[in-house]
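**Student:** Here are the chains, one letter per residue:
2 protein chains.
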Amino acid sequence: MARESWTRESLAEGVQAGDKRALARAISLVEDGDPLAYELVRDLYPQTGRAYAIGVTGPPGVGKSTLISALVRHVRALGRSVGVISVDPSSPFSQGALLGDRIRLSDHFLDPGVFIRSMGTRGHLGGLAEASLQAMLLLDAAGKDLLLLETVGTGQSEVEVLGVSDTVVLVLMPGSGDSIQALKAGIMEIPDVIAVNKRNHPMAKTMLNEVRAVLSLDRDREWRTPIVLTEAVEGAGVDELWAKIEEHRAHLEADGALAERRRRNLAGEVFAVASARAKRHLEHAVADDPELRRLLDAVERRELDPLTAVREIMERVFFARRNGTEPR
Amino acid sequence: MARESWTRESLAEGVQAGDKRALARAISLVEDGDPLAYELVRDLYPQTGRAYAIGVTGPPGVGKSTLISALVRHVRALGRSVGVISVDPSSPFSQGALLGDRIRLSDHFLDPGVFIRSMGTRGHLGGLAEASLQAMLLLDAAGKDLLLLETVGTGQSEVEVLGVSDTVVLVLMPGSGDSIQALKAGIMEIPDVIAVNKRNHPMAKTMLNEVRAVLSLDRDREWRTPIVLTEAVEGAGVDELWAKIEEHRAHLEADGALAERRRRNLAGEVFAVASARAKRHLEHAVADDPELRRLLDAVERRELDPLTAVREIMERVFFARRNGTEPR
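Protein chains in written order, with the numbering used here: chain P, 1 to 328; chain G, 1 to 328.
Hints in this document: simulated from the structure, not taken from any laboratory.
Beta carbons: idealized from backbone N, C-alpha and C, even for Gly.
Hints are supplied without guarantee of correctness; some may be wrong.
[What the hints assert, rightly or not] Cross-link-like lysine to aspartate or glutamate pairs, in silico, EDC-like; alpha carbons within 20 Å at most:
no.	chain 1	residue 1	chain 2	residue 2
1	P	K279	G	E312
2	G	K205	G	D111
3	G	K279	P	E283
[Unchecked claim] Stretches of chain G that chain P covers, calculated by requiring three or more beta carbons in the stretch to come under 8 Å of a beta carbon on chain P:
no.	segment
4	25-33
5	38-51
6	57-66
7	76-82
8	128-141
9	199-212
10	282-289
[Claimed, not checked] Per label pair, the in silico range of CB-to-CB distance:
no.	chain 1	residue 1	chain 2	residue 2	range
11	P	E234	G	E315	52 to 60 Å
12	G	R249	P	G268	36 to 44 Å
13	P	H201	G	K205	13 to 21 Å
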């Protein structure tokens, strides 16, 4: 079907049928902030909530994309359909391919049970949290059993993207000293599963022991985060990683914790999207309004203190209804 | 002067005189979101803009606090007065002391030319960006020549705190592989100066070479980021680090770039504070308003899609003026 001929109805049907072109088009509309995308997700929303969402995070260069590719292959062999969204700007997915990788990503692209999409981290009209949430809902409505969400483990927007995950997997590798320190200092949240990738590296055992030591400090949690050694390029350890993800899922499902987590996640996402919208609205308002620019100039000349400027900006942007100030 | 007897006038006088009790009280008022703090900074704002602000960032555990302590000692010997604000929750400053450290922080506390304050990263009524900005302006008005701002190198709020720095120093150590990868991937911004601390570590030279290799990828910048090897506990390399900071300052001052950077920084801070306020206003509004809670419940039951909920929340919170919805 040609690009122009999609209608709200045909797109909704296509997405629900798992049609790749319909999904690709729908997610592009989401990225463009097209009103049609909003209507589409609204139409499809009652049919969502069936997919299981797995967030895969970690510093750049640890092999998240390769591990995801290996996980996709693994769960496909189990007959599960998968949607992958990468919001990591440093991900090979974002460059369109896993270059030099032994796992042929093209296999996945030909597989009707797999849909892979990378999303830019900037330039979304409604912010990254909104775009990734909407894209996930589309893949969910498309009947994907599993959603894999790749994010790089830094920054607020990435945290918001991870916020929809049922299970969070942190990927580290030998040399991930900063992440270990961040876990230890309580600055990084303890994930549900940890994969130490590049297990053939001579320092892999050292890293494993460091991760173990850090996790042992936190004995009070109900779920004890398992650590798995993997070698994504060879697909080694991927079966065990998958088993641990499934264990975590079973743990959540056993006592109703999954429903509770999803409730909390959804509320958190709505709040994150609203915050991002408020921020963008502010950004546009200040850019467009010469009076607001004048306030900033006065601050720069030390004639007006920053907080008074903030108060005047807030009042003008949010609390005085005028024409043309609707949120974008 | 007793805690209760500070007035707006006596506080302003005390802060301007560099009185430690006045400064401590004023920053506490900032942290509490007390209206008096707002008035005080407004009164003092025309006298700010003289201090030079140095942001010191990096992963936890690399020795930022010890390095700052050594820098304080170094610049004190040069006769400069210093204010330190730490917004790193994992910082030893936040625990009130550098335990087990050879540099006696108590020396600094007794020195009238030094003021050190750690600020919590949570719980500020106006957000961390606002609290740290106001605290810095107070130290600036108190006549401190230098401001050192310690932040842990992750998260949006830390980026906002760093946003007021004239010079940004990134501290790494052997094992900081994740930070190297983040720099390489362009996910972490290139700082103005890099200190590789713990230079006595056997892997220090390797780390230095890795940092060099990453920086060599980016040859187009006007300022070439210098790398300094330090051993903060012994104070080694601190003179060279200080020299590089001074070089960067001279570079900025030479062609008017400092004024430009400060203009951009101030505008960015005003925007960050306004965004944080909008977010908190939203948070409180949703917490207080049963109608907004009902919207979230409908989302959780899949009866209302998230974006429609966001739109209704935005409309109700920001764009319909009613009694009792003023921003807090």
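**Student:** Next, verify each hint and record whether it holds.
**Tutor:** Hint-by-hint comparison with the structure:
no. : hint                         : in the structure
1   : P:K279 to G:E312             : holds (16 Å)
2   : G:K205 to G:D111             : violated (36 Å)
3   : G:K279 to P:E283             : holds (14 Å)
4   : 25-33                        : violated (count 0)
5   : 38-51                        : holds (count 7)
6   : 57-66                        : holds (count 4)
7   : 76-82                        : violated (count 0)
8   : 128-141                      : holds (count 4)
9   : 199-212                      : violated (count 0)
10  : 282-289                      : holds (count 3)
11  : P:E234 to G:E315: 52 to 60 Å : holds (53 Å)
12  : G:R249 to P:G268: 36 to 44 Å : holds (42 Å)
13  : P:H201 to G:K205: 13 to 21 Å : holds (20 Å)
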